[in-house]
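Start from the sequences, fold in the hints, and give me the full structure.
Residue numbers (my numbering), protein chains in the order written: chain A, 1 to 264; chain B, 1001 to 1377.
Simulated from the structure, these hints should not be mistaken for lab results. Note that the Cβ used here is the ideal one computed from N, Cα and C, for glycine as well. Keep in mind that a hint or two might mislead.
Computed footprint of chain B on chain A; a stretch qualifies when at least three of its residues, placed anywhere within it, have a C-beta under 8 Å from a C-beta of chain B [claimed, not checked]:
no.: 1; segment: 127-136
no.: 2; segment: 142-149
no.: 3; segment: 158-169
no.: 4; segment: 193-207
Here is what each chain is made of, one letter per residue.
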Amino acid sequence: MSAPAASADAVIEIRGLNTRFGDAVVHDDVNLAIRKGEIFALVGASGCGKSTLLRETIALQQPASGSIRVFGVEVVGLSDEGALPLRRRWGVMFERGALFSALTVAENVGMVLHEHTTLGQGLIDEIAAVKIALTGLPASAGPKYPNELSGSMRKRAALARAIALDPELLLLDEPTAGLDPLSASGIDDLVRQLRDALGLTIMMVTHDLDLLWRAADRVAVLGEGRVLGTGTMTELSASGQGLIREYFHGPRGRPAREQAWNRK
Amino acid sequence: MTARAIADVDIRADVGPGSTPSHFHCAGAWVLRAIEPLDHRLGAMRWPESGQLVLDASAVTAMDTTGAWMLHRTMRDLQKHGISVQVHGLRPEFEALLHLIASREVAQAEPSAPGLLIRIGQQSWRSLQNAFGMLSFLGENTLVLLQVLRHPRRIRWRPVLYNLQTAGFEALPITGLLSFLIGIVIAYQGAEQLQRFGANIYVANLVGLSMVRELSPMLTAIIVAGRSGSAYAAQIGTMKVTEEIDALRTIGVGQMELLVLPKLLALVIALPLLTVYTDVMGVLGGMVMARAELDVSFSAYLGQLDEAISLSSYLIGIGKAPVFAVIIALVGCFQGFQVGGSADSVGRQTTVSVVQSIFLVILTDALFSIVFSWFGL
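Shown next as structure tokens:
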């Protein structure tokens, strides 16, 4: 696949990315461009390097070679110190939430604000409460500790922490995994609302076909270490490529699509 | 898109009176980075007492959730005072954000800090519950032990042996070295006093008795509490966090039988053996020092040792070890089960387990001394 043309409004631009774990090749010349304001989803079979790509994008892991530019800044080879200005501009939600278990939900959100702003405690508490409410959590969740919350509430709390600084770029690792259908569709709506209201760029890794149909603007399919295809869900599901067909036309693919159409 | 690309330096949000007293202007970037001055500005604004009010927001260039919250909060507070507020000129995307914030708003829960008396009460209640829990844990384990002893085939020997190795065999270097050093220290401190009376040979009594009867059992127990008691608490605590304990219960494996009993048995076997070993090492340390400082030959030292230490002193020292072992294993495991589901809690209970078991070991040692002196031992 040829590298996409560099576009001025690309928030994330990945070129010629190679990643190896020992002898295992995870990424072999991956090229992607994620535009400003779009909801971009990465899909692919388990273990195809989606989460690794996400971690490399936020400078938690280094690829073997290649280039990743976020907001025009090269992330590959960037030190923690160098990444700091970038880290204020993106919010990350980890698959298992990664909430600090020693802090309450409100403190988890407030902690980010404490670290990066000089706001007073009163204002921080207020803003934290707003973010928690935005993710659809009840106010009573604020003073609770993460281990007192259910799985879906923990996900929402993690999302509240990710949007604490009003980031321009939001990275979500499996935002709906392990959620009941109702909570998951709540997350779909929330992701779209956030993008529409804040003009966020969202990159997410997901297996959730419903979420893909309902929220994603563009989707990239990773497989065999490469990007097998990029496009809207409609384009991809019409694709003749073997692995892509398998992915979207499996037994669970069709109902999700029909449901998405019915909703529209 | 919204004006997200605004340069950092140029961020200012402003609110000011407009042409008429009921007319106000909002301007600039209402975003998180500009929010602190804006908050002050809003706080210092003099709003009309009543009537209608128009907020002209056409000059607002950027807005994020925080900015929208500030606007929403201002409007809400004004409306509470009976002033009707209208916002004009807000860009549609900001309007949408404002609606989103308004629709999601929920009453903030006021956190209430409990008073001193309540905290004292809660703390006492917790301590009481803890003591009661420990007691029932002891009872539960005794029952399981009795059951298992009736059917010895239910003893899980593999974990017993594993624990024997980790808590016993692998503790040999550190316990040996420490008691050897303590033996040296006692002999060295005693040497000067004994030399004054020309009672050099009695260094064997000093080192032998203090090591064998008191120091070596206690020292070994303290080291094992720090090494293994903490490991028990952390292991069981982590298993609790990862729901492995629940999994064990659903499979129908007794948690006491699998997790506690092997540790208890292993420690009850290992600690007396370790104590015998540290007895020897401590006495050896004293022997080396006696020869270097006091010119007491090895054979003279050993001969004197034979007279100094009665069999009862020796057995009392070793006899305390199994009791200490029970304390360490039970406290460690009990605190592990007290873990409440977070990483933080694992750390806290591990610390508690070490502090409590060392405390109980020393307390029990003191009780033993009193009891033995009653019996004239």
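Do the hints match the structure? See the list:
no.: 1; hint: 127-136; verdict: holds (count 7)
no.: 2; hint: 142-149; verdict: holds (count 5)
no.: 3; hint: 158-169; verdict: holds (count 4)
no.: 4; hint: 193-207; verdict: holds (count 5)
Of the numbered hints listed earlier, not one is contradicted by the structure.
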